[in-house]
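Undergrad: Input sequences plus hints: build the corresponding full structure.
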Amino acid sequence: MVERVIVGAWKTNCYIFSSTKKECIIIDPGGDEAEIASRVDVLNMVPVGIALTHGHVDHVAALARLRENYGRRGYPLPVAINPADRKFLGTGGMETHRESLEVLGLDEMSFFGVDPAELPRADVRLHEGDRVFDMDLLVIETPGHTPGGVCFYAEKEGILFSGDTLFFDGVGRTDLPGGSEKKLKESIQKKIAVLPPETRVFPGHGPFTTVEREKRGNAFFRVPPAPPRPEPAAPVARKAPAAKKTARAAAPSAGRKAAAAKRPSRPARPVRTAGRRKGKKVTAVKKGSARGRVPAKKAPRQATRSMKAPGKGRKPAR
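Every position in the sequence shown, counted from 1, becomes a number in my numbering once 662 is added.
Treat the hints as calculated values from the structure; they're not laboratory data. Remember, predicted model here, so these are calculated numbers, not experimental data. All residues carry an ideal CB built from backbone N, CA and C; glycine is no exception. Check each hint, because a few of them may be wrong.
[As the list claims (entries may be wrong)] Between beta-carbon pairs, the in silico distance windows are:
1. Glu817 <-> Glu761: 36 to 42 Å
2. Glu697 <-> Pro869: 37 to 43 Å
3. Asp837 <-> Lys673: 47 to 53 Å
[To be verified] In the SDA-like style, the derived pairs of lysine to any residue whose C-alpha atoms are separated by at most 25 Å in a straight line are:
4. Lys684 <-> Leu800
5. Lys749 <-> Lys847
6. Lys877 <-> Glu860
7. Lys853 <-> Arg835
8. Lys852 <-> Asn880
9. Lys818 <-> Glu685
10. Lys853 <-> His867
11. Lys847 <-> Phe882
12. Lys749 <-> Val765
TA: This is the structure:
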């Protein structure tokens, strides 16, 4: 069961939630404590605690008086908040609110009245995955609007109380002390966008919405595309070592022939053979040398008669 009561100067959505027949919790009492208590009575419910999505003044302004009112009726109401937003409650809480309101040019009187009561301290610390006052309601930490901002998720009913993290076609502001736009985007994209699209969203201000509707129209749900990777530089063409060896091995003979052509030829050395022809030595000459031609044989000398005078040199006849 979800009941909404619009309260305070900034029209904050205060919710009465119950997952049982009799007990309920009050979420974000931002003002008009009498009206909140009257609505609980009409529903015939008994409140068991007050849960805060964050600590801003427009979500806690009725906290002290509402708690005091139910305390007189015998219903002590513990207050639950994320530890990162504890500074908005207890001792020093009013001073923290003054600092935030000064940024906006406002004062605390428009929220707490002329004689504001001291804000109670936190009784319960809410962390990721905790159940809220034993109800069917889980805590989802969503920092960004404030350091300790949370959402409450009822999986069975398909309900999300988003506080000021997410609105209909919008998000909470991040220009107040402790706000961070980067963290708010991360919270929405990593924690809320992953919920079932049919999940009904009950925000801290404005009308209801769904996760599916915000995915289509809310810019904070869009994950920016990753920057393109630089193209790798083209590798420099290098000859393979094997190609060099092949090129050198392919032309050894040509290189040697060219080198041999440049060198002057040397005369072939005569080679003696063991054979003899007609009592003369035969010399073999290497083919292709400068002296490679074999000289022609001279014609044999013909025997001639002696040119001496006849009778000379003859032995006397006996």
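Undergrad: Each hint needs a verdict: does it hold in this structure or not?
TA: Checked hints:
Between Glu817 and Glu761 the Cβ separation comes to about 37 Å, which falls inside the hinted range of 36 to 42 Å. At roughly 20 Å, the beta-carbon separation of Glu697 and Pro869 lies outside the given 37 to 43 Å, and the hint is violated. Between Asp837 and Lys673 the beta carbon distance is about 20 Å. The supplied range of 47 to 53 Å is therefore violated. Proximity of Lys684 to Leu800 is assessed by CA-CA distance (about 20 Å); at most 25 Å being required, the pair is judged to hold.
For the hint linking Lys749 to Lys847, the alpha-carbon distance of about 24 Å falls within 25 Å, and the restraint holds. With a C-alpha separation of about 11 Å, the suggested pairing of Lys877 with Glu860 holds against the 25 Å cut-off. Using a Cα cut-off of 25 Å, the hinted pair Lys853 and Arg835 holds, with the two alpha carbons roughly 18 Å apart. For a cut-off of 25 Å, the pair hint linking Lys852 to Asn880 stands: about 15 Å separates their Cα positions.
Proposed proximity of Lys818 and Glu685 is supported: the alpha carbons are some 17 Å apart, at most 25 Å. As the CA atoms of Lys853 and His867 are separated by approximately 20 Å, the hinted pair is consistent with the 25 Å bound. For the hint pairing Lys847 with Phe882, the CA-to-CA distance comes to about 6 Å; that is within 25 Å, so the pair holds. For the hint linking Lys749 to Val765, the alpha-carbon distance of about 17 Å falls within 25 Å, and the restraint holds.
When the structure is compared with the earlier hints, violations turn up for hints 2 and 3 and for no others.
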